[in-house]
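Sequence order for the protein chains is A and B.
In this text, residue positions in the first sequence follow UniProt numbering: the first is 1, and each later residue adds one.
In this text, residue positions in the second sequence follow UniProt numbering: the first is 1, and each later residue adds one.
If you are wondering where the hints come from, they were derived from the structure by calculation, not from laboratory data.
Treat the hints with care, as some may be off.
Unchecked claim - To give a feel for the contact side, a few chain B residues facing chain A, derived at Cβ under 10 angstroms:
no. : residue
1   : SER84
2   : GLU86
3   : SER93
4   : THR153
5   : LEU157
6   : ALA159
7   : ASP161
8   : VAL173
9   : GLN231
10  : GLY232
Stated by the list, open to error - Simulated crosslink set (DSS-like; lysine-lysine; CA at most 27 angstroms straight-line):
no. : chain 1 : residue 1 : chain 2 : residue 2
11  : B       : LYS183    : A       : LYS153
12  : A       : LYS153    : B       : LYS132
13  : A       : LYS56     : B       : LYS222
14  : B       : LYS222    : B       : LYS132
15  : B       : LYS183    : B       : LYS132
Cβ atoms here follow ideal geometry from the backbone N, Cα and C, with glycine treated the same way.
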Amino acid sequence: MAKSQEQLHERRSLSSLIYDPQFRSYAFQILLLLVLVGFGWWIVQNTVTNLQAQNKTTGFDFLSNTAGFDIGFSLVPYSRESTYLEVFYVGILNTLLVAITGIVLATLLGFVLGIARLSSNWIIARLATIYIEIIRNIPLLLQLFFWYFAVLKSMPSVRSSLELVGGAVFLNNRGLYLPNPNANSAFLWVQIAIALVLVGGFFLQRWSIRRVELTGERFPYIPVFLVLLIVVPTVTWFVSGAEWNITYPELNRFNFQGGIQLPPEFVALLFGLVIYTAAFIGETVRAGIVSVSSGQTEAAQSLGLKNNDRLNLVVIPQAMRVIVPPLTSQYLNLTKNSSLAVAIGYPDIVNVFMGTALNQSGKAIEVIFMTMMVYLTLSLLTSMIMNWYNARIALTER
Amino acid sequence: MNKKIVTIALGAALSLSASAALADTLEDVQAKGYLQCGVTPSTPGFASPDENNNWSGIDVDYCRAMAAAIFDDPEAVRFTPLTSKERFTALSSGEIDVLSRTTTWTMSRDTNLGISFTGVMFYDGQGFMVPKDLGVNSALELSDAAVCIESGTTTELNAADYFATNGMNYNPVVFEDQDEVVKAYDDGRCDVFTTDSSALAAERFSLADPDAHKILPQIISKEPLGPSVRQGDDLWFNISRWVYFALLEAEEYGVNQANVDEMLGSENPSVRRLLGVEGEFGSYVGLPGDWAYRVIKHVGNYADVYERNVTPIGIERAGSLNDLWTRGGLQYSPPIR
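Hey, can you work out the whole structure from these sequences and the hints?
In structure tokens:
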């Protein structure tokens, strides 16, 4: 009798445990965690077993091996004796180059498009609408092929290159060739002058804002800054000897050598990414501007603010709060879309590292893992910077 | 009850990992009823589809020969077109059963990629093609040229070696897909197109004006092209290797697609062993006794395969490395006995 009572008690406590919401929620979470861990363990175990069965080695030692192949476009010195790790760096730098240039240009074009779509000029507004609707509804890969083969087909061959700027710049189906200003003592001073003007511009802006706050008098700091930016380095250059030391591209037997060379793969990829992403940014910007209620504009007008001030002080700060979060997504998209470079032969990280290096070394898992980490890091960094910016411009709530 | 679920989940995980590791390719292929074969997307003479998606080429015929040996049906094969970059992953992940895709046999691939090469269907070497109007007569004049290359190939490595050895600079323009390489070369993106010389000969005819281009005399590398299988399945490796040898053995003893039925009555012991009249060699590779008869009946011997596929793209066999050893070439099969 006593025993069965005990059993009954035990069963009751067990059933009450199941009906206890706190216990239940923990139990299911632990169960889910166990299943996930088990699944992950199974994947890793399976991979290791299969790799061993195929007599494959694993690990990151291959990174210090000689890569043995060449890369057509690199920002740092690279040759066939370089290691796979250097291939990795070359790939990252090439990806960063196209991503950063792309983000800057796409932002500029996107803002122009967004504002153009809201223009009261019928033609401008319609043109912007047509642009956005066409571009954002065609897959990016097709656009890249279009730009690459359109650029390539329409350009003259090497021997009949287009000569621009009196024979200093050449354009042909192998790319754009620019003169390269070599670093000499004069250019060092010019660089210092530019740096000084940039720092000066920052203080000029702060001073002029304080002046407006204190006295209400305005100082046209932007035109002044731009004039200084041109005049000061030019004067410095003349004072420091007015020395030209520029390498011009020269045609030898096959190609142009010397100077700065932009391969058509880079130009096509940049064009494709900028034009595509700008269409989305344009819509984001339009949404941001439209989100500022017309009451704000009217209020600013009734306060007697000028057109520019109304835009700069009332509309844009409020619009930015709506624009920045989706803008961040577009930046992330652009960076990730740059991996389509592989289709048109631009040596970004997917092309040279996840493509060639993976194939030549056979380390599929390690290489893909590293490449994914690169994109993850780039994306998280972009997000971090944009979130910081977003927090800075967010409406201060009181 | 919770415990039960965990036990089931872990048990399932264990059984899955066991089945994935111990794969028997021949059994798997027989169970699904066809052979999955990795080939190039389009290289005339080696593997290319016609308008009706009928594949032809020397690499394709090798896969048909394997299918004939296993199923007595050369059509029991499905083709997976692969880029150079995808091919090894496709093989080691089990997406395909055999890789027959103009792939160069190298030490690192044979030992470090988890695959094994089973023979050399075609001895090739890397060459260069240039437009005639450049006036180039030797690969040693190619310093500073822009060179179109397919990525993930030995071609890429050989070019780097060759230009470095000869103290020349070059500008590699690398694409993922052979078609894109050819298109870019045709559009004038590069001065030079480099790949295996057989592929150069074949691709020349796909250019807008084939007569405006020429292939330079230099051959800068050894490119033994052959089929490969996953490492760790010896039976499957043996099937792949001996199907290739059967093609050569048949040619050596004068057994071809046209006379194979006659030859069943041959007095020559080598022919009798090859065709399964004598001995039980088929059982050594897990196949019926007439495995080689099926191959020759449906696909032919090596000479039949070569003449059907490679001769039309203008690569002579007589006197080349791909001739039979009895005529001074390198194609040689160990005896079937």
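Structure-based check of each hint:
| no. | hint | result |
| --- | --- | --- |
| 1 | SER84 | holds (7 angstroms) |
| 2 | GLU86 | holds (9 angstroms) |
| 3 | SER93 | holds (9 angstroms) |
| 4 | THR153 | holds (8 angstroms) |
| 5 | LEU157 | holds (5 angstroms) |
| 6 | ALA159 | holds (7 angstroms) |
| 7 | ASP161 | holds (7 angstroms) |
| 8 | VAL173 | holds (6 angstroms) |
| 9 | GLN231 | holds (5 angstroms) |
| 10 | GLY232 | holds (5 angstroms) |
| 11 | B:LYS183 x A:LYS153 | holds (11 angstroms) |
| 12 | A:LYS153 x B:LYS132 | holds (20 angstroms) |
| 13 | A:LYS56 x B:LYS222 | holds (25 angstroms) |
| 14 | B:LYS222 x B:LYS132 | holds (26 angstroms) |
| 15 | B:LYS183 x B:LYS132 | holds (17 angstroms) |
Consistency note: the structure conflicts with none of the earlier hints.
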